[in-house]
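**Q** Using the sequences and the hints given, assemble the complete structure.
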Amino acid sequence: MFHLNNKNQIPKIGLGTYKLNDQKILQKTIESAIEIGYRHIDTAYKYNNEEKIGIILKDMFHKNFIKRRELFITSKMWCTEMEPLDALKESLKKLQLDYLDLYLIHFPVTFDLDEKKNPYFDNDGYYVTKEFEIEKIWSKMEELVGLGLVKSIGVSNFGINMLKRILKVCKIKPAVNQVEMHPYLQQKEL
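When we follow UniProt numbering, the leftmost residue of the sequence shown carries the number 1, and every step to the right adds one.
Do not rely on the hints blindly, as some may be mistaken.
As the list claims (entries may be wrong) - Subject to a maximum C-alpha distance of 27 Å in a straight line, what follows is the list of computed DSS-like cross-link-like pairs (lysine-lysine):
1. K116 <-> K24
2. K19 <-> K58
3. K117 <-> K93
4. K46 <-> K130
5. K94 <-> K63
6. K28 <-> K130
These aren't lab readings, by the way, just hints derived from the structure by calculation.
**A** Here it is in structure tokens:
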């Protein structure tokens, strides 16, 4: 386990569920991972599998395969939502959980949305973004901790400048900045 800056702990290895959308494959993957010792399940609104994971977890808890308190579950708020409480409640409902161990802002952008909350695209097929007010959004993330809906909060794919903006105004520092990192993308500055 790694110790986070808020005294919570996160497992060293987690199961990422990106692109795992087939129910049978997802179930077998989660069950197998837990059987061999994984305790961290990472999902996100954008992965479109929270509801399926919720069904799997509920079944596993019911069968005493594992207890909720033995797992560390992470999800992420997508760029179409900048109201963390609403987004979190939707994720918790889909996951059939009372709380998350870690809740992240998935990317440091906000998409411009139409009246049905669908993102606009420009003529080249790229998302149209609008001003990302991290200071306001982070304050709302901090409220989630106070409500007991999440144990830790953090960010994903954030650069140094955006992290500095958070640190200037935060009451609760981000516990995590989840980023892609490997030999071909070392991100030494982070």
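**Q** So if I understand the rule, the pair passes when the alpha-carbon distance is 27 Å or less; does K94 with K63 pass?
**A** 19 Å, holds
**Q** Given the hint that K19 pairs with K58, does the C-alpha gap stay at or below 27 Å?
**A** 21 Å, holds
**Q** Does K93 lie within 27 Å of K117 when you go C-alpha to C-alpha?
**A** 19 Å, holds
**Q** Quickly compare the C-alpha distance for K28 and K130 to 27 Å and report which way the hint goes.
**A** Between K28 and K130 the Cα gap is close to 40 Å, so the pair fails against 27 Å, i.e. violated.
**Q** Is it true that the CA of K46 sits at most 27 Å from the CA of K130?
**A** Judged against 27 Å, a Cα distance of about 19 Å means the pair holds.
**Q** Taking only the CA atoms, is the gap from K116 to K24 under or equal to 27 Å?
**A** 32 Å, violated
The structure shown violates the earlier hints numbered 1 and 6.
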